[in-house]
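Visitor: Fit chain B to the known structure of chain A by using the hints.
As you go down the protein sequences, you meet chains A and B in turn.
Just so you know, we're using the UniProt record's numbering here: the first sequence kicks off at 1 and counts up by one.
Just so you know, we're using the UniProt record's numbering here: the second sequence kicks off at 1 and counts up by one.
Keep in mind that a hint or two might mislead.
Only part of the chain A face toward chain B is listed, based on derived beta-carbon distances under 8 Å [stated by the list, open to error]:
id : residue
1  : 31
2  : 122
3  : 238
Simulated restraints, written as ranges between beta carbons of each label pair [as the list claims (entries may be wrong)]:
id : chain 1 : residue 1 : chain 2 : residue 2 : range
4  : A       : 94        : B       : 55        : 49 to 55 Å
5  : A       : 28        : B       : 36        : 19 to 25 Å
6  : A       : 151       : B       : 38        : 39 to 45 Å
Hint data in this document are derived by calculation from the structure and do not stem from the laboratory.
For glycine and all other residues, C-beta sits at the position ideal for the given N, C-alpha and C.
Each chain, written out:
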Amino acid sequence: MSTYVYGITRETTALPKGLAGVGEPPAGLRLVTGGGLAAVVSDCPEQLRPKRRDLLAHQKVVTELAREAPVLPLRFGSVSDDDRRVGEVLTERAERYAGQLDRLDGRVEYNVKAVHQQDAVLHLVLADDPELRALTEANRRAGGGSYDDRLRVGELVAARVKEREQWDAELLTQVLEPLAEECRPGPESSGWFVSLSFLVREAEADRLLNAVGRLGKAYTHLELRVNGPLPPYSFVDS
Amino acid sequence: MSVVPAQQTSGGGTSGLYDVLELVLDRGLVIDAFVRVSLVGIEILKIDVRVVVASVDTYLRFAEACNRLDLEAGPHRSAGLPDLVGEVTEDGARGKVKGALSGAAQTVSDAFHSVREGGEDSGRRRTASRAKKEESE
Chain A
1 MSTYVYGITR
11 ETTALPKGLA
21 GVGEPPAGLR
31 LVTGGGLAAV
41 VSDCPEQLRP
51 KRRDLLAHQK
61 VVTELAREAP
71 VLPLRFGSVS
81 DDDRRVGEVL
91 TERAERYAGQ
101 LDRLDGRVEY
111 NVKAVHQQDA
121 VLHLVLADDP
131 ELRALTEANR
141 RAGGGSYDDR
151 LRVGELVAAR
161 VKEREQWDAE
171 LLTQVLEPLA
181 EECRPGPESS
191 GWFVSLSFLV
201 REAEADRLLN
211 AVGRLGKAYT
221 HLELRVNGPL
231 PPYSFVDS
Chain B
1 MSVVPAQQTS
11 GGGTSGLYDV
21 LELVLDRGLV
31 IDAFVRVSLV
41 GIEILKIDVR
51 VVVASVDTYL
61 RFAEACNRLD
71 LEAGPHRSAG
81 LPDLVGEVTE
91 DGARGKVKGA
101 LSGAAQTVSD
111 AFHSVREGGE
121 DSGRRRTASR
131 AKKEESE
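The following block holds chain B by itself, in its conformation from the complex:
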């Protein structure tokens, strides 16, 4: 779990696809009378990220990000949990669908590349341009 990948948001239009394919790979009915094809490579990125979170590099990056912050601009204070729970409960059926529906597409696409190359060479890292090229295939 980390906020680090959030900086890598690239706004790619296909991010939803990766979110869905993750479910296709990781959820769904498993029937023990059938075999499943090998999915080597999927775990690799999960481990990557967990290691990064607790690293010195991460700490230094946080410290530098804090140094750059304009504290005078004031925090984005939240409304607080109880208020919002009340609001949502009372007003559940009205209003339009809105909100910041975006996310860390880059990270997800990295995960996906790691999935796809799993069978060939799961340890190899992709360069951005190569990954991009493959994406358009």
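The shape of chain A in the complex, shown without the other chains:
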């Protein structure tokens, strides 16, 4: 039976009670130690795939663990041949992982994403560009404009909107980055034009959250979404 690995913590950390692992029925958790460190592991179910239930189980285990002690969360789906190999890896790389646990002690991750409210951003784009405004007006007077006219306006607008995205991404970075110990880009994905993860001391998270709140108020064309506190997924170095 192969071993599923959730995260790495210090050897002194106790396993939180009442937690269950991946699989159906959920696998029981155990600790594997080595080099002064402990890995939280369980048996790995046959044919593990990224299902909602299993992703949540992984997330829950790492989150609960992070409440107790610093933890290096592993990426979902990390599987070792057996417990013995996990212990060997901990021992071999003890220094590197212990150093990261020290660096991340008392820190949490917040992820901030932004999308544009379309009408508001179109207002901004048109307000800044009299020529584009004139073209839009002409289309409107012509009952919407010809296919080519609409395409022309639309392409120009799309380019301006993209510029605006870059501008706003820079704005968020400039305002928020100084409030965190570290800032790293979030996973590239759809649905937002910028995603940033911030590493902050737990006690200093309010500063970041307040700034996000203020940005949302000052820039009504931005919709900001914050997730955290999270285990420091984006700040572990493989």
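Guide: Then chain B, alone, in the frame of chain A:
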């Protein structure tokens, strides 16, 4: 990168969950001595959206959205970067957490469905009702 998905905001309460699971899938320590389970299907939606952004359909939709805009209502002018940077820096520790903390939940949930069905049939598209049904599982 696109503003297009912003129109699809559905205000679903589980959006935060998808944001987090994305990190679980895409970030976190990778140990080369271990293997990782296959995550086929995750890239699919990323590609989808990038294609849509630069398409004729998008241009036409923008043009139509502009035609519908009430320009007389005035733009939502922003305060400008330097002002805000100053304000945030000086006033960093005070005030309550507030703001428009919402987002494009629908798109994210689409991404998530694509992740989940990755192993079975990653090319298949979900209908909204089927996706919804699965979500409650």
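Visitor: Taking the hints in turn, state whether each one holds.
Guide: Do the hints match the structure? See the list:
1. Annotation: interface hint on residue 31 (chain A) violated; nearest CB of chain B at approximately 17 Å, more than 8 Å.
2. The interface hint given for residue 122 (chain A) is met, as the beta carbon of that residue sits about 6 Å from the closest beta carbon of chain B, less than 8 Å.
3. At its closest, the beta carbon of residue 238 (chain A) sits 4 Å from a beta carbon of chain B; the interface hint therefore holds under the 8 Å criterion.
4. A hinted range of 49 to 55 Å holds for the C-beta pair residue 94 (chain A) and residue 55 (chain B), which are about 52 Å apart.
5. Between residue 28 (chain A) and residue 36 (chain B) the C-beta distance comes to about 22 Å, which sits within the given range of 19 to 25 Å.
6. Distance hint check: the CB atoms of residue 151 (chain A) and residue 38 (chain B) are about 41 Å apart, consistent with the given range 39 to 45 Å.
Hint compliance for this structure: hint 1 is the single one not met.
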